[in-house]
Structures are given as C-alpha cells and as structure tokens.
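Chains U and E, in that order, give the protein sequences.
Every letter in the first sequence is one number past the one before it in the working numbering, and letter 44, counting from 1, is 44.
Every letter in the second sequence is one number past the one before it in the working numbering, and letter 33, counting from 1, is 33.
Bear in mind the hints are in silico, worked out from the structure with no lab data behind them.
Note that the Cβ used here is the ideal one computed from N, Cα and C, for glycine as well.
No false leads were slipped in.
Okay, derived cross-link-like pairs now, PhoX-like style, lysine-lysine, Cα gap no bigger than 25 Å in a straight line: (1) 6/U to 108/U; (2) 3/E to 224/E; (3) 236/E to 242/U; (4) 108/U to 260/U; (5) 224/E to 106/E; (6) 114/E to 220/E; (7) 242/U to 3/E; (8) 3/E to 265/U; (9) 3/E to 229/E.
What the simulated footprint calls covered on chain E by chain U, stretch by stretch (three residues with Cβ under 8 Å from a Cβ of chain U suffice, anywhere in the stretch; the number is not a length): (10) 42-52; (11) 88-100.
Computed list of chain E residues with no C-beta within reach of chain U, every gap over 10 Å: (12) 130; (13) 158; (14) 249.
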Amino acid sequence: MTIAEKILHRINRPDLLQTLSEELTPSELNSLLLEVFDRRIQRLSPANLLQHYQKNRFVKPADLDVMRLRELETRILQIFETFQFRPVELSPVAPLGSCSVVATADQKKVLSALRGTEVLADATNALALHAADLKKSGQWQPTQPTDQLRLSTIQRHVRTPPVTVAGHTQHFKIGCLVSSGRDTGNFQFECESLAEHLAVMTAVLRDTLQISSLRFRFIQRAGVDQGRLLDRVATHIRQLRKDLSIETDTAPGRQNPYYKGLQYKILITVGGQEYEIGDGGFVDWTQQLLQNKKERFLITGLGVEQLFRLVT
Amino acid sequence: MNKGRVIYEDEAEPHFRLAYPHPGLTAFVEYYFEVNQPATLANPLYLNALPNLSNLLCVSLRPQSWLSINQKSGALSTVKGSRFLGNLTDLHLSIYPASVHEFYVKFKPGLLGKLFRINPAEVENANADLMNFIPLPELEEHLQTAPSFRERVSLMERMLMNRLYGFTPDYRFAIVQTALNRFGQTTGDNFHLSQICRELGVSYPSLHRYFTEVLGYSPKYCQKLLRFKKGLHLYKRHGSGYSFEEIGYTDFSHFVKNSRQLTQRSPSDL
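Looking at chain U on its own, in the form it has when it is part of the complex (with noise of 0.2 Å):
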C-alpha cells in the first residue's frame, strides 16, 4: 500500500485521489487546491513560519559568497553568448510536468507547484520548451536546413529527493546549453553541435578556469543506431580538435535511458580527485513536443555551484 493509499484509507475516503486527479478539470483542481493552502495558511502563526523554515530542506539560502558566484556566473554566461548560445534568464517555475512528460524523469523529485506548474528541476527542458515554442510559433525561422537554434542559461534548480552527497544541496545552480536543430543526414547536427558545446566548455574549464585535466567521455546509450552515433561523432570531434581528451565508453556497465544515443561526461580532477563537473547528450524533447522525428537536440549542463566550490 502506497503512502497516499493508507491516507486515503485512514479518512475513509478511498475514492478522493480519483475524484481529484480524474474528475475534476485542472482549473478546478487548482481552485480547490487553492483554497485548501489558504484555509490552512490562516491557521499558522508567524511562530509557526519560522518552525516550518528551520525544518524545511528546501527554503535556506546557499552557503557561499554570493558576489563572487555572480562573478564566475557572469564570466560564464559572456562565453556562453560569445559562442552564439543565447542567454536566456528563465521563470523559476515550468509548467506541470516538464521534466516528466517528455524525459524518463520522476514527477515526484520535482516540486510540484499550483497554477499547472512546478519549481524548476531542469533548466534543460525549459529550454527545450522555449526552443520549441519559438520554432512552433515562427519566432525563430533557420535560413538553412543546418541552422541551429542556440540558447543558454545559469539557473537555480530545485530537487527533492534527499541528498545524500556531502556537499550538495536542494537546490543548486547548474549552467545550461541546448542546441536544437533538424536531421540533415549523415550525423551532420549531432557533429556540429557536440563540438561546439565541447569548444564552449573547453572555453569555460580549460581556457578560463585553467583546469588543465579538463577531459570528455562520450557514453553509447540506446536509442540511435547502435553505436554508429557514437562512433561518427567521436571520429568528427577528435580529427577536428586534437587538443581535446576524449575518452570512449560502448559497453557501459548501467542503461540511461534518459539520453539517446550518446551520452558526455565532462570530468576534471581538482586537488588529485576526479569530478564529473557535466553532463549532457542528445535527447528526443523536441521530437516529441513537435511531433517531428527529424528534430533534433543537444543539452549540456555544468555544475555551476560545485565548480565555484571547487575553483575558489
């Protein structure tokens, strides 16, 4: 029996989660939700309020000093633009299931809001969403089929499974790529975008940072030809930047479904311990929120917040 079943069966009513989450239209939902957290509100006192903040996981601030985050942020995000990725300063809330309808995320690390939204979990698919809503409406037309819509940003995210990992915390900033373009034959996107956002972090890690151990690991995940994605897109970046370390990964030891195809790591060893710093790889969002098979897109995430700990 799951947590909500035994609620429902202490209070006798078996049938409400159904009532709530079937019958009742999501604008009605979110009016009867609306006045249950204000029925509930009158009822806390300040004294209260303050309980509930030194309990609460999710609502301390960060321990670290701001002014110098916004300095490595800013310096982030001038290479960001500098490399055409747009800067795009997101809302702090998504609608309803951004992460979970179209990647293999859980709603329920998500903190699922009122209104149809929810806390930002991953800037990535916002983004996915902007770029979708931005192709969908004409906003943004490519003049060539190989065009690229390039977008990014350093945003707070907020997850809720407990962390288990000294150092980490409930929410965190993590700094965003996302590449969003159309199958043009021969690999050619996954080429061209996977280099650049390597260059972009090459840019940020080695050439700024002066991390010198700054290396990729290029990851075949399901999905996409079987290891010919994988094996087309090492060749391409590895003939086109010999200075770049990147190490391969066919056989890895556990699935991921969330990506498709190929999967980066970016890792770096800071004070003789290795870091994976990023993540990123090519996802299906776009295909799905366009319903086009020939769309394609890239994201990169880094760890924005873990890196300003490890470099200062």
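Assemble chain E onto chain U, guided by the hints.
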C-alpha cells in the same frame, strides 16, 4: 593541449594579413593587420598576445565578438565592436569563434599617449570602446564596407595622414623610439643599456625618465619585453639549440626563466 600560439609578423596565414605603413607614417605606425576567421564555433582560433608596449586600434568588420583572457589573473573580457587596446602587462589568450573579422592598426609605443595626452598607466591593459578614444564613425563604416585589406589600409592611412599632419614628436619621444629600435637590433655584446645610452648621447637616469614619461616603464623592462619577443621567435624557428647569448640571455635557461616571469608559461606553451 591547445594554449594558443603567438603569430609573428613574417608568418603567412590564411586568416592573418599584415601590411607595413607608408614611409610618411613609419614614425607613428608599426603595421596594419587583419584577423579574418571564417571557421566554425566548434573549432575557434586560439592566439596568444605577449606582454607588449603597443597600443592597438581595432576596427570590427563583422558583429561577432571574441574572448580575451588574462592568463595571469584569469580576467575575462568579451571584445565586441571597435576597440582601443592598450599595451599588455600579462599574457592574454584570445579565442576567436566563428566569423571574426577585425582590422588593426598597431601604433608605435607611446604614440597614442602623446597624441591624445593620455597617461601611459591609464591605457595599460585597456580594452575600451574605440569611440571613447577616437570618434571615427564614418571611417569605421567605410572600413567595414571596403572590399579588401589593401583598401582598408589606404583608407586608414588617409585618415592618419590628416590626423597626424603637423604632429611632431618631441625630443624625448624620438629618443625613446630610437632606443626601442636599438633594443630590437641588438646582437652579440652591444645590448648593454650603458652602451646604448652612450650611443644615444643621454645618461641612464635621463633615459629612464624619458621612458617613464612616454611609456610608463623603465628602459630595462622594455628591453626585457622586446628581447623576449625576439627570443621566442628564434626559439620557434631553431628550438632550444639556438645560441640565446646572441640576444643578451646568459643561456637557454635564462630565456626560459624570463618566459615564466613574463607569461607564467614555458616557451613551448606559447
């Protein structure tokens, strides 16, 4: 690891062009050059700018920005639009992404300070909007639409001829330029400052004062910068086997030590 590289004046590059000035401008301009980089974002051009004494006028011919990173402090600047670039005290790595096209004028050290009455210290590592220094909106537009490097050089020379007409560098500026030329020519045993002072007919304290007024640095520091640039060029051509004593170093180790002092890198990483 790609740490960028230094391009020398005698290198032929498809994305790098260089022209020397008209004889009437040689007292003011070192040379003109152009960076035209049509590559992809995935494979940007990496260039190193050594610590130097030059002031550059940079006219942006395409609206694409590029990055300049101070390799000592880590300070990052995005360079966009036409710029005035001051002399550098540290090694700077420039990263040019796709479609960068810039036209540069490299002035004689200290000239712009004299011309615009700017204290040399104020332009150290400067990376400022050109319009704040030299408002030339029409010239910028003409340079952007000129079809070739040669035509851009002609346009710039016409403007400089007009601007510099009647400008006569004073005695101190001339002495400093002569001394800098001598630093560049010195080979064998004739690189000692005392000897150069004797040849120029000035005492070392006077030469020191002139250098500080015109460039903001001592003659010794300026000589060190120019000697290092020359040494690095020779190292790139001949490797560590070159006789570095010829240009004033005690030995190869002295040259490497100088490289680390000035750029925080070994010569092979430049």
